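Peer 1: In order, the protein sequence lines correspond to chains A and B.
Residues in the first sequence are numbered from 336 upward in steps of one, following the numbering used here.
Residues in the second sequence are numbered from 678 upward in steps of one, following the numbering used here.
Since the hints were derived computationally from the structure, they do not count as laboratory data.
Every value quoted in this text rests on a predicted model; they were computed, and no experiment measured them.
Do not rely on the hints blindly, as some may be mistaken.
Stated by the list, open to error - Derived CB-CB ranges, DEER-like:
no., chain 1, residue 1, chain 2, residue 2, range
1, B, Arg721, A, Ala619, 27 to 37 Å
2, B, Arg721, A, Lys626, 41 to 51 Å
3, B, Lys692, A, Gln347, 35 to 45 Å
4, A, Lys628, B, Arg721, 39 to 49 Å
5, B, Lys726, A, Leu473, 12 to 22 Å
6, B, Ala687, A, Gly474, 54 to 64 Å
7, B, Lys726, A, Lys953, 25 to 35 Å
8, B, Lys713, A, Lys593, 24 to 34 Å
9, A, Lys626, B, Lys726, 24 to 34 Å
10, A, Gly474, B, Arg690, 42 to 52 Å
All C-beta atoms, glycine included, are put in the ideal place defined by N, C-alpha and C.
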Amino acid sequence: MAEEKETKSIDQVTVEMIEKAAQDGVRVVFSRAETTKPCPIGAEGSCCSICAMGPCRVPLPKGKEETPEEKKKRTGVCGATAETIAARNFLRKIAAGAAAHGDHGRRVVEAFLLAARGEAPEFQIKDEQKLLQLALDLGIDIGDRSNNEIAVDIGETLIKEFGKQEGELLFLKRAPLKRQEIWRQQGVAPRGIDREVVEAMHRTHMGVDQDYQNLLKQGARAALADGWGGSMIATELQDILFGTPAPVYSQINLGVLKPDEVNLIIHGHEPQLAEMLAVVAQDAELVAYAKSKGAKGINLAGMCCTANEILMRHGVPIAGNFLQQELAIVTGAVEAMVVDVQCIMQGLVDVASCFHTKIITTDHRAKMEGATHMEFDDRHATESARAIIRAAIDNFPNRSQNVRIPDNRTGLIAGFSHETINYLLGGVFRASYRPLNDNIINGRIRGVAGVVGCNNVRVTHDNAHVIMVKELIKNDVLVLQTGCAAMACAKAGLLVPEAAAQYAGEGLASVCEAVGIPPVLHLGACIDNSRILIAATAMVKDGGLGDDLSDLPAAGAAPEWMSEKAISIGQYFVSSGVFTVFGVNWPTLGSKKVTDFLFKDMEDLYGGMWAFEPDPIKAAKLMIEQIDKKRKALGIDKARERVLYDMEMRRELEAA
Amino acid sequence: MDYKVEEKSAPGRDKVEVLGATFEEGRPEVGGEAGKWRQKLGTREEKLKYLQTGERYWYSKEWFGSEKRKNPA
Ligand code: SF4
């Protein structure tokens, strides 16, 4: 368990709003965390509650070596060992995370099919090129067919990926050939997205799979069904429907809220509603309606991954990341917070009851007691969005005098999809990862790191993200980010090109300056970690850096993780060959064998492994060590130490 | 695009005309159309062609990367 943190956040805006919450007598996550401590037995994965003979707690003895006799007795009532219990708990987290991303993907395919069939007229094919790309991937006839005809075939093919019982997920073919072979050899190529989740749930039911290695193998399979399945499907179809992200400038932090406008925050994960709100908020009639209520306009801001989706595509500003959701309401200036699914704290309703804010749920899968439910219907998207905005406007006159919007917002550039990185590096006529690979080979860029994931109230908000990323870029590691991690670094001013000169090592800074990119690239929402998989695959396929993802000088991290989705993401990165380090705490520490399997043995099987290090500097060092290990294996470790000889030095050498 | 031609003095010769910079000077403006590169590709043919060149890693057989194999995995 990570040590108790001293400060709540490194973000002054967050600190200011925590203080306001205390003054107003409002309980938020930061205050609740002081009174509700984490259960140490559950935290290490040593509590089993899957049957009514338990819950059984089998914690690892603290402060002493366990004798073999003691270890033998450390079982649940049914005889389940600490290994089985820890592995089952771990697999259940993966299953929940993969289910969340999978169900998101399924909803996107459903909306996509409605749009393709003309049944959701407000949604259209925005990115024909990505549509054609998927048609090529899936072997769908292009010819002279209309975009909608092609889209129907794509949607019908991809919806089957969820219920498929045999074979392999179609997007596995996008991975490097060697990686595909490894998955087949290990028997973890996922068959269908739902099947792997259901099998994981079955195998973790009382009295089924009781071999920790076999349980963790299914963990790899279910997680791959997330990264190369549910998540990838969501990303790709969202790009077709709403546009593939390209660089866009915006701003972040609670200072994006406006004192004289109707503030509407969109929070959650699936972008359909958010996209429609972004369009409808500019509607002259609604703006006039807002003015009739005394506001100067309608101000839309995002929160969590929904924020990333509309930031990447529309430049809509971000109010904050996960731990700031309640604090946005504490400003007293939010008329409505519209939520859909995932990472929505139930505490929001309680906080909102202290102000005038309306919490509006919009998805039948995610309702909240005390919130207003306004179902979002893809078929009548504009109508649904307009009703929600009107509800927010109607609430504007109820705003009290107790308003404090922190005067603080930071600029950022987002929108670095794989396609855009490829284009930026090579241009329209020869888009290419070659310049990136060349700069890795010549050592200007030491390697690439994905720093992703959540916030966690058990550690100082944003701190580990920012420290880790600064350490990485200082050491010439190019950082790719998604989710709340990207927002943390954006607030710290790392997502602008100027950050290269200020924080990056000389080599990385020179490349960033030449290409005109920040040293930290924002690739989108957590679902868009699939973009990192594709970018890494492009690096492999371009050549010169081995022939598998595990050959790349690359590493991953989630230093402030909290959700089960993060575990699923980590597991699909590790199973795809990437060294991945997590902070905060580690959920299998109750079993040394399970932890060793994840931290060591997985490397022999998959070329990637997990690590746990709560100290962000030490964690960054582990990543850099791993990157250097890969550089050495590729024979490019000398490039970083190279000396450039001028003519005089050459003459001296020849004379010697 | 309009090409700019500059006059330069060359060793052993008089002035020669050379092609000037082909990039637009200054920094791109933030917002608006800035960064919207995908709109440069107009027709379906252009888009398919781009996929074969730009995304050749997956959609072209005419290139040599790390995975040129006789027998696909
Ligand atoms: S399955 Fe076994 S270890 Fe788990 S709660 Fe039941 S008896 Fe306890």
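Peer 1: If I claimed the Cβ atoms of Lys726(B) and Leu473(A) lie 12 to 22 Å apart, would that claim hold in this structure?
Peer 2: Holds, at about 20 Å.
Peer 1: Taking the Cβ atom of Gly474(A) and the Cβ atom of Arg690(B), is their distance within the range 42 to 52 Å?
Peer 2: violated (59 Å)
Peer 1: If you check the beta carbons of Lys713(B) and Lys593(A), does the distance land in 24 to 34 Å?
Peer 2: holds (26 Å)
Peer 1: Assuming the hint says 25 to 35 Å, is it satisfied by the Cβ distance from Lys726(B) to Lys953(A) or not?
Peer 2: violated (48 Å)
Peer 1: Per the hint of 54 to 64 Å, is the separation of the Cβ atoms of Ala687(B) and Gly474(A) within bounds?
Peer 2: Check passed, 56 Å falls within 54 to 64 Å.
Peer 1: So the hint says 35 to 45 Å: do the beta-carbon atoms of Lys692(B) and Gln347(A) match that?
Peer 2: violated (60 Å)
Peer 1: Hint says 39 to 49 Å; check whether the CB-CB distance for Lys628(A) and Arg721(B) agrees.
Peer 2: holds (47 Å)
Peer 1: Do the beta carbons of Arg721(B) and Ala619(A) sit within 27 to 37 Å of each other?
Peer 2: holds (35 Å)
Peer 1: Evaluate the given range 24 to 34 Å for the C-beta pair formed by Lys626(A) and Lys726(B).
Peer 2: Given about 49 Å between the Cβ atoms, the range is violated.
Peer 1: So does Arg721(B) sit 41 to 51 Å from Lys626(A), Cβ to Cβ?
Peer 2: Hint holds: Cβ distance 44 Å, inside 41 to 51 Å.
When the structure is compared with the earlier hints, violations turn up for hints 3, 7, 9, 10 and for no others.
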